[in-house]
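K.L.:
Just so you know, the sequences run in chain order A and B.
All residue numbers for the first sequence refer to the working numbering, where the first residue is 1 and numbers rise by one.
All residue numbers for the second sequence refer to the working numbering, where the first residue is 1001 and numbers rise by one.
Hints are computed from structural coordinates only; laboratory data are not their basis.
Quantities reported herein were computed from a predicted structural model and do not represent experimental measurements.
From the three backbone atoms N, C-alpha and C, an ideal C-beta is built for every residue, glycine too.
Mixed in with the good hints there might be a few duds.
Chain B is faced by these chain A residues, among others (derived, beta-carbon under 7 angstroms) [to be verified]: (1) L23; (2) G32; (3) L164; (4) A179; (5) L183; (6) Q184.
Label-pair distances were calculated between CB atoms; the ranges are [unchecked claim]: (7) A/K100 / B/E1121: 20 to 30 angstroms; (8) B/G1111 / A/A18: 47 to 57 angstroms; (9) B/T1136 / A/A18: 16 to 26 angstroms.
Below, in silico cross-link-like pairs of lysine-lysine (DSS-like), each with a Cα-Cα straight-line distance of 30 angstroms or less [as the list claims (entries may be wrong)]: (10) A/K100 / A/K115; (11) A/K76 / B/K1191; (12) B/K1082 / A/K186; (13) B/K1052 / A/K186; (14) B/K1113 / B/K1052; (15) B/K1091 / A/K89; (16) B/K1191 / A/K100; (17) B/K1191 / A/K115; (18) B/K1052 / B/K1128.
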Amino acid sequence: MSKEQLSTPELAAVQIEADDEDLTRSDVILKGALAAGALYGALAVGPYVRRALAASGGGDIGIVNFALTLEYLEAKFYEEAKGRVRANKELMSLIDLLAKDETQHVEALAATVKKLGGKPVAEPKFDFAYNGTSGFLKLAQTFEDTGVSAYNGAAPMLKSKEVLGAAGGIVQVEARHAAAIRLQNKEEPAPMAFDEPLSEKQVLKAVEPFIA
Amino acid sequence: MDVTRRKFLAVGGGSTAAAAFLAACGDDSGTTMTDTTSMGSGGASETAEFGKGDVGILNYALTLEYLETAFYADVVKSGLFKGADLETIRKFGQEEAEHVKALTAAVKGMGAKPAPKPKTEFPLENAKSVLELAGTVENLGAAAYLGQAANIRSPEVLASALAIHSVEGRHAAALNTLLGESITPDGAFAKPADVKTVLKAVEPFIVG
Chain A
1 MSKEQLSTPE
11 LAAVQIEADD
21 EDLTRSDVIL
31 KGALAAGALY
41 GALAVGPYVR
51 RALAASGGGD
61 IGIVNFALTL
71 EYLEAKFYEE
81 AKGRVRANKE
91 LMSLIDLLAK
101 DETQHVEALA
111 ATVKKLGGKP
121 VAEPKFDFAY
131 NGTSGFLKLA
141 QTFEDTGVSA
151 YNGAAPMLKS
161 KEVLGAAGGI
171 VQVEARHAAA
181 IRLQNKEEPA
191 PMAFDEPLSE
201 KQVLKAVEPF
211 IA
Chain B
1001 MDVTRRKFLA
1011 VGGGSTAAAA
1021 FLAACGDDSG
1031 TTMTDTTSMG
1041 SGGASETAEF
1051 GKGDVGILNY
1061 ALTLEYLETA
1071 FYADVVKSGL
1081 FKGADLETIR
1091 KFGQEEAEHV
1101 KALTAAVKGM
1111 GAKPAPKPKT
1121 EFPLENAKSV
1131 LELAGTVENL
1141 GAAAYLGQAA
1151 NIRSPEVLAS
1161 ALAIHSVEGR
1171 HAAALNTLLG
1181 ESITPDGAFA
1191 KPADVKTVLK
1201 AVEPFIVG
């Protein structure tokens, strides 16, 4: 598929690699989520993630580890941006805030995995290919919309109410980030009345080849 | 995109989710999540005055969405805003109206009677105070959804509530930005609000 046919080509340029060991299951699902998002837009991520997590039989630990991997990506993205993006004072303070929030999400999710008796997944290596402030803002918007969709897609599978509580508190913050970044891009902060996919069935059929 | 026209209850399918999820922020938030296992019957539900179980939660949400819709309609009519700000307010109002429609359909779909539209009145003195009120209402709305998510039994209703919840969060953050306030006033983890707190906060705007 050519780049022109991609819905959000900036997602296709994101690389995820394992440091020394193999990619974790969470890394693989995140790769698939980004591929689904690149092809069909951020709203396709929710159904993809739900299906992929169900197929991997991960349970709450698997779901939270996936969320952890997603937060690793976001935290790294903003941490790196601090030294990479030329931003005015307003944007820099937003980047600082987002970096701080995502780092706290990483810490909270890692602690949750441990509390559930699991082992938090290791952070993979990320490579974010973007150019300049506008490239950064575009990718940031897509990441945040993707994050909202991924959480909304995965959350209904959680068994533990406590974990659901944490997920709900996080997804609302991701939505707030998305709105703030969208305003930076002069885009509507809440483009639709519902953060949900247009057609779950369609998306699932389309992304089936990516689901291991 | 006609995403918004999707039927409320058509969302989410296939999940074998636990009876309720997306809890109201776990054990460290000090809120309402004490004994959620008792929520199923509707007997111990904090939304019991709105109906039993999921219907009560949906009607509670519907009442809040009616209020938000009426608020934005009044603000648009007030003439206090122009240009981009007016467009934002109009857009948010339209989205709240879509939430009203979806929630009404959901309640009907469960064979129950939707909550009546409350009669409302809002102080609309100047642009600044109105924006502040909008920010308060949206932040409260987002917290109200978060406060109920764990009590919802149907996975489909839950998925739909989540799809609204994050939009309320977007509205809240956009208004906070306009007001020059933090987009995340609770920090990295949004806090839920219980029914009592929410109803007390909106009481001054419900008349008759």
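K.L.:
If a hint holds in the structure, say so; if it does not, say that too.
P.N.:
Checked hints:
At a threshold of 7 angstroms, the smallest CB-CB gap from A/L23 to chain B is about 26 angstroms, leaving the interface hint violated. The interface hint given for A/G32 is violated, since its Cβ lies 18 angstroms from the closest Cβ of chain B, which is over the 7 angstroms cut-off. Nearest Cβ of chain B to the Cβ of A/L164: about 4 angstroms, under the 7 angstroms cut. The hint holds. The beta carbon of A/A179 comes within 4 angstroms of a beta carbon in chain B, closer than 7 angstroms, and the hint placing it at the interface holds.
The beta carbon of A/L183 comes within 6 angstroms of a beta carbon in chain B, closer than 7 angstroms, and the hint placing it at the interface holds. Evaluation of the A/Q184 hint against chain B yields a violated restraint, the C-beta minimum of about 9 angstroms exceeding 7 angstroms. The hinted range of 20 to 30 angstroms is not satisfied by A/K100 and B/E1121, whose Cβ atoms lie roughly 40 angstroms apart. Checked against the hint of 47 to 57 angstroms, the C-beta distance between B/G1111 and A/A18 comes to roughly 52 angstroms, which is consistent with it.
The hinted window of 16 to 26 angstroms between B/T1136 and A/A18 is violated, with their beta carbons roughly 46 angstroms apart. With a CA separation close to 23 angstroms, the supplied pair A/K100 and A/K115 stays within the 30 angstroms bound. With a C-alpha separation of about 25 angstroms, the suggested pairing of A/K76 with B/K1191 holds against the 30 angstroms cut-off. Taking the CA atoms of B/K1082 and A/K186, the gap is near 17 angstroms; set against the 30 angstroms cutoff, the hint holds.
With a C-alpha separation of about 43 angstroms, the suggested pair B/K1052 and A/K186 falls outside the 30 angstroms cut-off, and the hint is violated. The hinted pair formed by B/K1113 and B/K1052 meets the criterion: a straight-line CA distance of about 11 angstroms does not exceed 30 angstroms. At roughly 29 angstroms between alpha-carbon atoms, B/K1091 and A/K89 fall within 30 angstroms of each other, so this suggested pair holds. This hinted pair checks out: B/K1191 and A/K100 have alpha carbons roughly 17 angstroms apart, not beyond 30 angstroms.
Proximity of B/K1191 to A/K115 is assessed by CA-CA distance (about 21 angstroms); at most 30 angstroms being required, the pair is judged to hold. Between the alpha carbons of B/K1052 and B/K1128 the distance comes to roughly 39 angstroms, so the proposed pair goes past 30 angstroms and is violated.
Violation of the numbered hints given earlier is confined to hints 1, 2, 6, 7, 9, 13, 18; the remaining hints are satisfied by the structure.
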